[in-house]
Amino acid sequence: MSKIQIKIFLYICAIFLLESALVKVYSPTRLLPQLLFILSVTIAIRRPAVEGLWFSFFAGLLLEIFSGQFFGAYIFVLVVNWGVVFFTTRKITSQDISVASGALMVAISTLLAVIILYLYSLICSFLRLGDRLAFESLWSFGIFWLIVFNLASFHIMQFIYNILLRNDEKPF
Amino acid sequence: MDWTRVSVNFLNWPVVKTLEKFQSFTSVFFNIREIAEQNSILSRQVEELSLEVARGQKAKNENKLLSEALGFVSQSNHELIPAQVITFDIFNFSQTVSINRGRNHGVEEGLAVVASKGLLVGVVTEVLDHTSQVELITSSAVKVNAEVVPSGASGIVRGEHGLGLLLDLVSQDEIINPKDRVITSGLGGQFPKNFLIGEVHEVISGGPELFLQASIIPAANLRGNKIVFVVKK
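Residue numbers (my numbering), protein chains in the order written: chain D, 1 to 172; chain G, 1001 to 1233.
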């Protein structure tokens, strides 16, 4: 593992601890920013394909620890989301995203995550691994606030990421 | 998964504690409306409880007063009509109080009014069917034949327009000392004997005057009496 990879690995672990602590302190029913999810978006934008994919998988695996969904749901969501963000920033937009495009990316990723989670539950129910989630339970006005929280945390996490890797990562 | 959750919870402990402190600090700002509502509810409860406490205290005082009165009634040799003071002039210019017993209860004009423990309060001056007017002993219109204990000196106690009591017309050869008790002598027949009027505060004259005078501190709390007794002859 390179120095950058170790730093990102530790960053993921720290964010996971913070997110799980947030869920523990504030009720899990309350809207909280999806810190690890947002970090995986950052990694998808900034890191190469294989590395980003592994980190997204690892972040999903960590989220599975406290997940109440079907096993693999978060891994699936983060990996698919990594794919969407990775190919968008490589094929459609630039990797050096502006504030507006970053915000759009986070908003779309957040909405997409809900849809992916629903699709995953559909697949699981089709395979008779569990019951399908009700779409209404995932889709509510709270998503708007979730996007707002995610946007705020996206810029904070980008800032910390830049500080952590300012000497290791080449600028775009 | 359980051991991983336990491990994560263990690692999380300092973060959770820090966040909990942060939460309790910030909750003040986020729940300001709720806190304001709780504050208003608690203020209302404090008011209600204060009222309850005041009522309880009042009931306790009344209970004490009535217990004393009951003890006095059972010990007294006189026929007593218990009454409640219903009006009292706070400035007490008139030196009168109204009681809730009148002609229908056997009250008559000129009867003595005492408080529990046999403390002289005044005299009935006006009687209606259900209420009566009582002139306090501090009124200049009331004169009581009195006796000083233990010297046995006799004189007249009269009010000084609500400013206190004066023992007058005591013979110069009598001895009166401060702290001596002054009681009704029973002379004249208006006031039964042996009711306590007060205590000698200061002997005023002693020079060329014809009679001795002494200022008296009334024994009864004339402003705070709630329960009094009309003494039937």
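Worth flagging that the hints you see were computed from the coordinates, not collected in a lab. Owing to the predicted nature of the structure, the values given are computational and were not obtained by experimental measurement. All C-beta atoms, glycine included, are put in the ideal place defined by N, C-alpha and C. Fair warning: there could be bad hints in the mix.
As the list claims (entries may be wrong) - Reference excerpt, derived from the structure (chain G facing chain D, CB under 8 Å, subset only): (1) 1004; (2) 1005; (3) 1006; (4) 1011; (5) 1012; (6) 1019; (7) 1023; (8) 1149; (9) 1156; (10) 1160.
- Taking the closest Cβ pair, is residue 1005 of chain G under 8 Å from chain D? 6 Å, holds
- Message: Next item in the hint list is residue 1011 of chain G. Is there a CB on chain D closer than 8 Å to its CB?
- Response: 6 Å, holds
- Evaluation of the interface hint that places residue 1156 of chain G against chain D, nearest CB under 8 Å: 85 Å, violated
- Task: Please verify that hint: residue 1160 of chain G, Cβ, nearest Cβ of chain D, below 8 Å or not.
- Result: 76 Å, violated
- Query: At a threshold of 8 Å, is the proposed contact between residue 1012 of chain G and chain D supported by beta-carbon distances?
  - Reply: Interface hint status for residue 1012 of chain G: holds (5 Å vs cutoff 8 Å).
- Is the hint on residue 1004 of chain G kept, meaning its closest Cβ partner in chain D is under 8 Å away? 5 Å, holds
- Does residue 1019 of chain G pass the interface hint, meaning its C-beta sits closer than 8 Å to a C-beta of chain D? 4 Å, holds
- Interface hint outcome for residue 1149 of chain G [beta carbon to chain D under 8 Å]: 79 Å, violated
- With a cut-off of 8 Å, does the beta carbon of residue 1023 of chain G approach a beta carbon of chain D closely enough for the hint to hold? It holds, given that the least Cβ distance between residue 1023 of chain G and chain D is near 6 Å, below 8 Å.
- Task: Go through the hint on residue 1006 of chain G and say holds or violated, using the shortest Cβ distance to chain D against 8 Å.
- Result: 10 Å, violated
Checked against the numbered hints given earlier, the structure breaks hints 3, 8, 9, 10 and satisfies all the rest.
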